[in-house]
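Colleague: As a plain string of letters, each chain reads:
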Amino acid sequence: MFHGYLPAILTGLSNTLLVAALSLLTACVFGLLGAVAKLSGSRTARWTAQAYTTLIRGLPELVLMLLIFYGGQILLNKLVEAQGWEYIDVPPYVAGVLTIGFIFGAYLTETFRGAILAIPRGQAEAALAFGMARGQVLRRIVLPQMVRHAIPGFSNNWLVMIKATALVSIIGLDDMLHRANLAASATREPFTFFVLVALIYLAVTTVSIWLLSRLEKRYSLGVKVVSF
Amino acid sequence: MLHRRLAVTVSLLVVCSLASSWVGAQAPEWKKIRVGVEGNYPPFSKLGADGKLSGFDIDIARAVCKQMAAECTLVQQEWDGMMPALSARKFDMIVASMTITPERQKAADFSDPYYDVPSRWVAKAGAFKDHSAAAFKGKKIIVLRNSPRAKHVADKYKDSEVLLVNKETDIYMELVAGRGDVGFGSSVVSSEAFLKRPEGKGFAQVGNTVRLDEGGGGVGIAFRKGETALRERVNAALKAVRADGSYKRLADSYFDFDVSGAGN
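Chain order of the listed sequences is A and B. Residue 7 in the numbering used here sits at position 7 of the first sequence, with consecutive numbering throughout. Residue 1224 in the numbering used here sits at position 224 of the second sequence, with consecutive numbering throughout.
Quick caveat, the hints were computed from the structure, so don't treat them as lab data. Don't take each hint at face value.
[Said to hold, decoys possible] Below are the BS3-like pairs computed for lysine-lysine, each with C-alpha atoms no more than 25 Å apart in a straight line:
id, chain 1, residue 1, chain 2, residue 2
1, B, K1124, B, K1167
2, A, K78, B, K1225
3, A, K78, B, K1032
4, B, K1167, A, K78
5, B, K1156, B, K1129
6, B, K1196, B, K1137
7, B, K1151, B, K1129
8, B, K1066, B, K1032
9, B, K1158, B, K1032
10, B, K1239, B, K1031
11, B, K1239, B, K1225
12, A, K163, B, K1167
13, A, K78, B, K1031
14, B, K1158, B, K1137
Required output: the full structure, derived from the provided sequences and hints.
Modeller: Quick look at the structure:
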């Protein structure tokens, strides 16, 4: 039915999932840094984070990806030449993960910032009054509660991000959609492969939604759910 | 705690992959060459179920590399990122049915042409008498984005609408879907990918095949500007494979007409 392309597409799926998972980790790092920076007392940190979220959220992902991947490589080449070093290749995997992570980090910054703001200020003040250091307050009081508030927004970002990985084929990464495209060209049966890929994406996102809703329940233990 | 561990893992990963990606210096004798190829353009390039690339472009790339006694790595790249990837040194040359045009020559150097096929108009059988601008007035023409054919259409068919597609084979998908009235594409692709297949039933060529003047010199291998040593070696290798008959053997296994561009 799939002219023997199924294994190739499943390998593509594992690439897609790997890129998505690593990008998510990267995005979390950028997001947390961004959120903490936006809420920090330092004006420089606030402005840098503001510039980051404004710029990144304001540009199409594809444009950013091309800019960072090719532009970044060309800059790197120039630097390397000026220093008289050898050519350094940024592998598409690293570039793809960093680029997507960097982009979605900007969205997560806002998600995390909102989640932190949702925690009553008095709690952090109380912790400080008890003599905890700032780091301890963050780790013991803010982060665990932030997770609960962040999960809905986080879930949205994750779903959008899984689908955004389909863009990485433009920078030479061999993801599932890319494989499907090639299979569609070779067999000239586009719909067979696009429907297959659509179903696989749907399966992945459905499982994600289920897992994340369980996680949300777990972190909401002890919180009364109000229904309208 | 968890987040800190994640941060450490990510930074380790990044550092490791950057460290492992140091590529040895490219000596001027070009013993190792990375070749950018496509994969969406049968019969010139396509990806098999086993993940292997095949097609006329691929065979030409291999023949040239063999002739130069160079160790070549084929890098599969989507068409849209082809030129940027070449400038960013993701690979050293492009063998992807790229037509030599004045615009592209501003961004890259080209080898001598390694093939040249005419273009062809395709539409529902009997829909048009000829492919004059008057015949297509107010009709929608489907053509590959960023191609000499797209430029030809923009220049010569100003009274027609244009639908630009991202890959050559999409022209015929759009045509069947009825989103355009007439497709303008490579004569080889239109016959292999469409007219000879069941989907192409009821469609036919409009008028004669067309050679684009502004295309100038057929299809060539693209290099970064200034890579003259590599370009000259490739040109010599192309001459050699034409001379020893291996070019003709390759071409004959794909096409039942002359693609060499000789006598053009």
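Colleague: Against the structure shown, which of the earlier numbered hints fail to hold, in ascending order?
Modeller: Structure breaks hints 4, 6 and 9.
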